[in-house]
Amino acid sequence: MEETPISRGFRPKRQEQTPTDRVPPGQYVTTDFPVLSAGPTPHIKVTDWTFALQLGGSLLGKWSWAQFEALPQTTIKTDIHCVTKWSKLDTTWQGVTFDDLLKEVGLSEAPAPFIMAHCDGAYTTNVPVADLIGGRGMVATRYEGLPIAPAHGGPARLLVPHLYFWKSGKWVRRIRFMQKDERGFWESLGYHNYGDPWKQQRYDGD
Amino acid sequence: MTVTDAPSSSKRLEWQLAEVRDVVIETYRVKSLQLLASGWQGHLPGQHIDVRLTAQNGYQAQRSYSIASPPEDDLLSLTVERVDDGEVSPYLVDELRVGDRLELRGPIGGYFVWTAEKSGPLWLIAGGSGITPLMAMLRHRDRLPSRTPALLIYSSRSLEDIIYRDELDAMVGRDANLRVVPALTRQQPKAWTGHRGRIDRATLAAHCFPPAQRPAIYVCGPTTFVESISGLLVELDYDPSSIKTERFGPSGG
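Chain order of the listed sequences is G and W.
Anchor point for the first sequence: position 97 equals 97 in my numbering, and the numbering is continuous, going up by one each time.
Anchor point for the second sequence: position 229 equals 229 in my numbering, and the numbering is continuous, going up by one each time.
With the rest of the complex left out, here is chain W (with noise of 0.2 Å):
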């Protein structure tokens, strides 16, 4: 672990305006705002953003939601699941139309991130929207020249609910060294080749990096599913400091 003095050198993160210059449906209840942030100094893979919403009467509230697009990117991704009683959530994902402006101020976490530097094969592991920062790594090893070996366990209630599907099969299309395993936790289409039911210790044992290989492993989604899957490789004998967790709390949105 890193020990600085602590005074601080840094700059403050500022407000900054981004413009919305399009709206991507994903599915039925998550899009993408690809944003152009002009004064934007660049992010790594896995980090995130806070957006702040301003009302007529001058409440504001202030959301953290992660990056989707890799640092190559122009545009700055961002994919919102619509929490139904949330605040900020459904307004992003209904209400906001290209040309609207957002506040923004990022790039934040230094901790949840990998880049090409980083050695071993990459595991990543997503519950529902918890593939947004997973997939800004994989989108940023796409466009590597090399590319370590990588595998997805990608867990989601139902087919429609998929998020970057088309995107995620091309990948796999034009790359034998990445695996992606999707899991179908609700509901399954008949012909369904994937995993079915949650993730548990035997999808992980049958679809991983053995420990000796040490991957870097990255868990992302709900709590519930976090606590699971980490506990789960824990006991699968990865070492704790390998696996790195980022929650989407429920009280989200």
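So that you can see chain G by itself, here it is in the shape it has in the complex (with noise of 0.2 Å):
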């Protein structure tokens, strides 16, 4: 690699609005929320969606929305970071721990150290159970207090804040445990496998 040039008449706009303590490197700021997604946004019904744990071919736990909205509610405060560059500050959210999902179904420890999240729209996002569990990872089902809209991942989605938000797997209906990791969408599409911001694991080799 050459030395890295200064790019001629290049000035910041937007440094000051970039906190380095708190925004990953390459990434900056933005109060809007941006939507990305491979297809069409589905549209489910909340009386149509059911959400399962599974671990190899066996159901660990099925719970209807009411039943899911019935389990424990955590609510959160976090940054999120898109690989596409945007990080979005102090974002609120309301759902089910995995911690918790795991307690409802009888289990003081997970099964298998990966999972894969199964979304509506044929979407998967492998992540390993280390970053779910200790309260880093939750099912979420509101935003800022309301429903997550469908084109920003309801009714419902995974949550996995502190890695690149394709981690957080919108329209989330099945966490598969799994012995041996394996590559979801985008993670078999270019993507890193892991897709820690903070070190700008954004495509794979990084």
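Treat the hints with caution; some may be incorrect.
[Claimed, not checked] Keeping only pairs whose Cα atoms sit at most 30 Å apart, straight-line, the calculated DSS-like set for lysine-lysine is:
| # | chain 1 | residue 1 | chain 2 | residue 2 |
| --- | --- | --- | --- | --- |
| 1 | G | Lys-45 | G | Lys-77 |
| 2 | W | Lys-11 | G | Lys-180 |
| 3 | G | Lys-77 | G | Lys-13 |
| 4 | G | Lys-199 | W | Lys-11 |
| 5 | G | Lys-45 | W | Lys-244 |
| 6 | G | Lys-180 | G | Lys-62 |
| 7 | G | Lys-88 | W | Lys-244 |
[Stated by the list, open to error] Each pair of labels, with its calculated beta carbon distance range:
| # | chain 1 | residue 1 | chain 2 | residue 2 | range |
| --- | --- | --- | --- | --- | --- |
| 8 | W | Asp-94 | G | Ala-66 | 51 to 61 Å |
| 9 | G | Ala-66 | W | Pro-145 | 51 to 61 Å |
| 10 | G | Glu-3 | W | Trp-192 | 49 to 59 Å |
| 11 | G | Ala-66 | W | Asp-175 | 52 to 62 Å |
| 12 | G | Glu-69 | W | Asp-94 | 46 to 56 Å |
[To be verified] Partner residues aside, some chain G positions facing chain W, computed with beta carbon under 10 Å:
| # | residue |
| --- | --- |
| 13 | Ile-6 |
| 14 | Ser-7 |
| 15 | Arg-11 |
| 16 | Gln-15 |
| 17 | Gly-26 |
| 18 | Pro-34 |
| 19 | Ser-37 |
| 20 | Thr-41 |
| 21 | Lys-85 |
| 22 | Ala-122 |
| 23 | Pro-150 |
| 24 | Ala-151 |
| 25 | Phe-185 |
| 26 | Leu-189 |
| 27 | Tyr-203 |
| 28 | Asp-204 |
It is worth saying that the hints were derived from the structure and are not from the lab.
For each residue, glycine too, the CB sits at the ideal point set by N, CA and C.
Two chains, two frames, a set of hints: combine them into the complex.
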């Protein structure tokens, strides 16, 4: 790699808006909430919605919308970081933590070290269990106190805010435990398998 | 969906220097940058790249831009629309000159991609500068010895906002298998023969490949445009898995 050249005449406009302790390298802060998905937005009625936890071929637990709403609810305020370079600060989400889901199915710990999130629209994404337990991940059903809009992943999306946001799969319907890690949708198409924004793990090999 | 073993074997996409060889004025707010990237390994139509700028004080900004050129071209072409309150696009559109150098890496994205091997007719629906990755597909297709039927529905605000107008006219002129349906949403000249107003369900039903022909569909534009068009296509019975979308958020730039 040659030395990084100064871009003649380039003057930063967003540097002040970008606190480096909160915004990972290569990101900028937005107040919008951009939408990124690979296909049409599925519109699912909550009456048709179910959510399942699965290990191999066996079902560990399955909930209707009403049952899921009755699970212990947790609210978190967090920053989110999209691989397309925007970051959004102080977003508030409510849902059921991964820890509480495990408890609900009677497990004191996860039965396998990896999960694949399966979503409507055939989207998948893989996450290590270590990144979901200890309050690090949840299945979110509210954004800023309101039901999540379909374009943003409603009725329910995975939320793993410390990884790039494609890991927070929209329209999640099933979480499948895996003994061996497998790649999900974007992870099979050139994006990084893990996706740590602070290490700029955007693409395969980063 | 492909399932592979997770460990990665691929090489890192390294930053590389590209030199601006030409700047083409497309509209009053859009330019195409023709770049010579000597280490470029090639790309597929529809893929994008990351551009990185470095300020005097060391601050860096990165953005993604779709590649407008086909894989066959020697120069890499990026078509950039100025986002007025943006940080990177005003620089690329207003400041960058022939001879300047840019850092880039790519190609990125393996889903919103079309190549000749793909079966079925090609149906492209663009809103504004969302035409860019679709133009790479049309330019690639234009160079093929045998061309699958293709349809582009292209929505712009006004006549002055249409990007690649002459080139699209020329392509249609030499290719009976290509249809282009332009739409103007805000202002139309008196003699305008294209569609007037937004692309709605009736527009899509009137200019389409029927679902039975299983077209490969690519929709690119601002979020509201893509949400509306892809939703209408699903209502019109197109298989959601045949509809690939790329959205340009309002916070781009």
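Verification of the supplied hints:
1. G:Lys-45 - G:Lys-77: Judged against 30 Å, a Cα distance of about 27 Å means the pair holds.
2. W:Lys-11 - G:Lys-180: Cα-Cα ~23 Å, so holds.
3. G:Lys-77 - G:Lys-13: Judged against 30 Å, a Cα distance of about 27 Å means the pair holds.
4. G:Lys-199 - W:Lys-11: The given pair, whose Cα atoms are some 16 Å apart, holds under the 30 Å limit.
5. G:Lys-45 - W:Lys-244: Between Lys-45 of chain G and Lys-244 of chain W the Cα gap is close to 23 Å, so the pair holds against 30 Å.
6. G:Lys-180 - G:Lys-62: holds (23 Å)
7. G:Lys-88 - W:Lys-244: holds (26 Å)
8. W:Asp-94 - G:Ala-66: 51 to 61 Å: About 55 Å separates the Cβ atoms of Asp-94 of chain W and Ala-66 of chain G, which means 51 to 61 Å holds.
9. G:Ala-66 - W:Pro-145: 51 to 61 Å: holds (59 Å)
10. G:Glu-3 - W:Trp-192: 49 to 59 Å: holds (52 Å)
11. G:Ala-66 - W:Asp-175: 52 to 62 Å: holds (56 Å)
12. G:Glu-69 - W:Asp-94: 46 to 56 Å: holds (51 Å)
13. Ile-6: holds (6 Å)
14. Ser-7: Since the shortest Cβ distance to chain W is 4 Å, the answer is holds.
15. Arg-11: Where the cut-off is 10 Å and the nearest Cβ of chain W is about 6 Å from Arg-11 of chain G, the hint holds.
16. Gln-15: holds (5 Å)
17. Gly-26: Where the cut-off is 10 Å and the nearest Cβ of chain W is about 5 Å from Gly-26 of chain G, the hint holds.
18. Pro-34: holds (3 Å)
19. Ser-37: This interface hint holds because 7 Å falls under the 10 Å limit.
20. Thr-41: With Cβ-Cβ at 6 Å, under 10 Å, it holds.
21. Lys-85: Interface hint status for Lys-85 of chain G: holds (6 Å vs cutoff 10 Å).
22. Ala-122: holds (6 Å)
23. Pro-150: Interface hint status for Pro-150 of chain G: holds (9 Å vs cutoff 10 Å).
24. Ala-151: Since chain W brings a Cβ to about 6 Å from Ala-151 of chain G, closer than 10 Å, the hint holds.
25. Phe-185: holds (6 Å)
26. Leu-189: holds (4 Å)
27. Tyr-203: Nearest chain W Cβ about 5 Å off; hint holds.
28. Asp-204: holds (5 Å)
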